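Numbering (this note's numbering), first residue to last: 7 to 176.
If you're looking for bench data, these hints aren't it; they were derived computationally from the structure. Each hint can be trusted.
Per label pair, the in silico range of CB-to-CB distance:
#1 Ala17 - Arg95: 15 to 23 Å
#2 Pro135 - Thr14: 43 to 51 Å
#3 Pro135 - Met7: 44 to 52 Å
Please read these numbers as outputs of a predicted model, since none were measured by experiment. Ideal Cβ positions, reconstructed from N, Cα and C, are used throughout, including at glycine.
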Amino acid sequence: MTTSDYATYIAGLPRILAGAATLFRDAAGRVLIVEPNYREGWALPGGTIESDAGETPRAGARRETAEEIGLDVEPGALLAVDWVPGPGRPPLVAYLYDGGVLSGEQLAAIRLQEEELVSWKLVEPAELPTYLPGGLGLRVVAALAALDGGRGPVELENGRPVRVGSRPGA
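Start from the sequences and build out the full structure, keeping to the hints where you can.
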């Protein structure tokens, strides 16, 4: 296969988008969420992985967290990988990492990226579905359950655990 043939082959492959976020908690177990100014609802610190520049999901989560809330924290364990289909765009693969428990000093040091975020707050896990829309809320709840249970990362489709042995896409 020539270089030109290979480039044509690669250009014809399906595309997916990729994002990464970090799940932070305080000493009371509340989850840190942020309020974007570009859409309704709340989110976790995170965003698009700059894969064209060679960025990995873990590096993307760290960069986005530093940009959005001003904390440069090494992401911990991978908690969840979520396959998120959507209308009008390619599917998204969302990686969610454990950010650990933030100290009072770290919480006081949060500085929002004003170009994208309006505010931040800490919410009880039971309140997450009220703030985090659709599959994102389900993703975070599944990640917290994996974290609490000491399990490895959970595989999700649109926020719901994949049933092993089920038909793909079912």
